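For the protein sequence lines, the chains are A and B, in the order given.
At position 155 of the first sequence (counting the first as 1) the number is 156 in the numbering used here, and the numbers step up by one without a gap.
At position 155 of the second sequence (counting the first as 1) the number is 156 in the numbering used here, and the numbers step up by one without a gap.
A pair counts as met if it fits within one copy or between any two copies, since identical chains are not told apart.
Calculated lysine to any residue pairs in the SDA-like style (CA-CA distance at most 20 Å, straight line):
(1) LYS118 / HIS164
(2) LYS139 / ALA74
(3) LYS109 / PHE157
(4) LYS54 / LYS89
(5) LYS118 / ALA93
(6) LYS16 / ALA29
(7) LYS139 / LYS178
(8) LYS139 / ILE173
(9) LYS132 / HIS181
(10) LYS16 / GLU106
(11) LYS139 / SER158
(12) LYS178 / SER140
(13) LYS139 / GLN160
(14) LYS139 / HIS164
(15) LYS139 / ASN163
(16) LYS139 / LEU68
(17) LYS139 / GLU166
(18) LYS44 / ALA8
(19) LYS49 / ASN20
I should point out that these hints are in silico values taken from the structure, not numbers from a laboratory.
Since this is a predicted model, take the numbers as computed values, not measurements.
Letter by letter, the chains look like this.
Number of protein chains: 2
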Amino acid sequence: MEIIEQAAMELFAHKGYSNTSIAQIASAAGVSKGLLYNYYTGKDDLLKAIINKAMGSADHFFNEDFLSQMSAAETISIIVNGSLELYKANPAYWKLLTSLMFQEEVLKELQPMIAQKSQMSYGLMIPIFEKLGYPDPKSQALLFGAAMDGIFLYSFSVQEENHFEHMMNYIIETFSKPYHNE
Amino acid sequence: MEIIEQAAMELFAHKGYSNTSIAQIASAAGVSKGLLYNYYTGKDDLLKAIINKAMGSADHFFNEDFLSQMSAAETISIIVNGSLELYKANPAYWKLLTSLMFQEEVLKELQPMIAQKSQMSYGLMIPIFEKLGYPDPKSQALLFGAAMDGIFLYSFSVQEENHFEHMMNYIIETFSKPYHNE
DNA sequence: GTCTATACATTGATAGAC
DNA sequence: GTCTATCAATGTATAGAC
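Work the whole structure out from these sequences, hints included.
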């Protein structure tokens with residue numbers, strides 16, 4: 002069960018969901034094809050199980066009440082480093098999640114859940130940038146989210162860990178600065 | 002020929018490359034399956050043709066010599082607005098290109114070409130941020146690229162054009178500011 | 001619980017008629 | 001140039017033995 006989902010996630014992340022067959026998953030997990038259908042009704046059900054299981058981990062990671070007591074700079078640092086930890090704990094999962102954004106047909110049910118992930122930090126960040134004096138905190142929050150997603154996008158293709166962590170620190174530094182004009 | 006590539010690109014972008022069959026492409030293009038193999042040796046060859054044809058448009062869009070005469074703010078504005086125009090001229094193509102980043106196996110030959118696309122602006126931007134006084138212009142250029150890619154990533158899932166253009170202007174405004182500490 | 005065997009649809013691709 | 005017919009291979013999924 003656990004071994005199957007792990008194998009499937011790895012394959013989905015590397016080869017893409019549609020491009021991965023049941024036979025490949027079974028082979029990688031070291032079980033027979035038939036056994037898969039004892040646990041899941043089909044390939045889509047297996048995908049759903051993977052997503053659902055991993056979804057919980059992110060939710061309780063960023064506690065809104067906890068963050069509200071922090072300073073702006075601290076909050077940004079916690080969110081960036083938290084995202085980094087979350088990613089490093091299971092890179093394949095996040096890659097899979099992002100790749101699904103390009104599969105309009107496959108599982109419309111998951112789409113809202115995936116979109117929510119991106120907006121997870123959005124609501125949290127607006128008051129932060131208000132505090133920092135930004136005249137358009139919503140746009141600044143979106144810019145922050147876009148920068149984060151962009152860095153993660155790089156990490157999927159380029160495999161330089163160093164470079165990755167450096168950019169995370171650069172983001173913390175950049176976005177923690179209070180607004181300043183001229 | 003043109004109609005086939007157009008239909009294929011649309012399907013690839015919306016359903017994903019692996020999830021699109023030759024039959025679906027032929028049907029969408031209004032031709033028979035067999036005809037496809039008269040123009041292309043296979044599905045991968047069709048993909049290659051699509052990518053190659055569209056690649057040229059981006060290359061001569063950003064002329065390095067031309068940009069070197071511009072001010073920092075002007076260059077940023079040109080690159081952002083140019084990217085926006087390029088995207089709006091053929092959104093499906095850019096979505097397809099990005100989605101291929103998640104297909105490690107499919108067409109390793111295209112991988113470097115796709116990666117280059119992301120770095121297109123990277124080399125151009127470093128001297129810009131030097132001019133603007135940034136102590137780490139490389140990181141700032143990467144942040145700029147990440148922010149751009151992140152915004153495009155949003156546009157693939159959310160379909161709000163307005164919101165999209167607003168963020169592009171916000172990026173121009175934000176990144177055109179000279180470096181300032183405290 | 002797990003595997004083998006098999007059914008059935010769809011896939012990419014080819015051959016040959018028009 | 002274009003289509004129909006057809007191929008072998010692979011896909012998902014099921015049934016039944018152990």
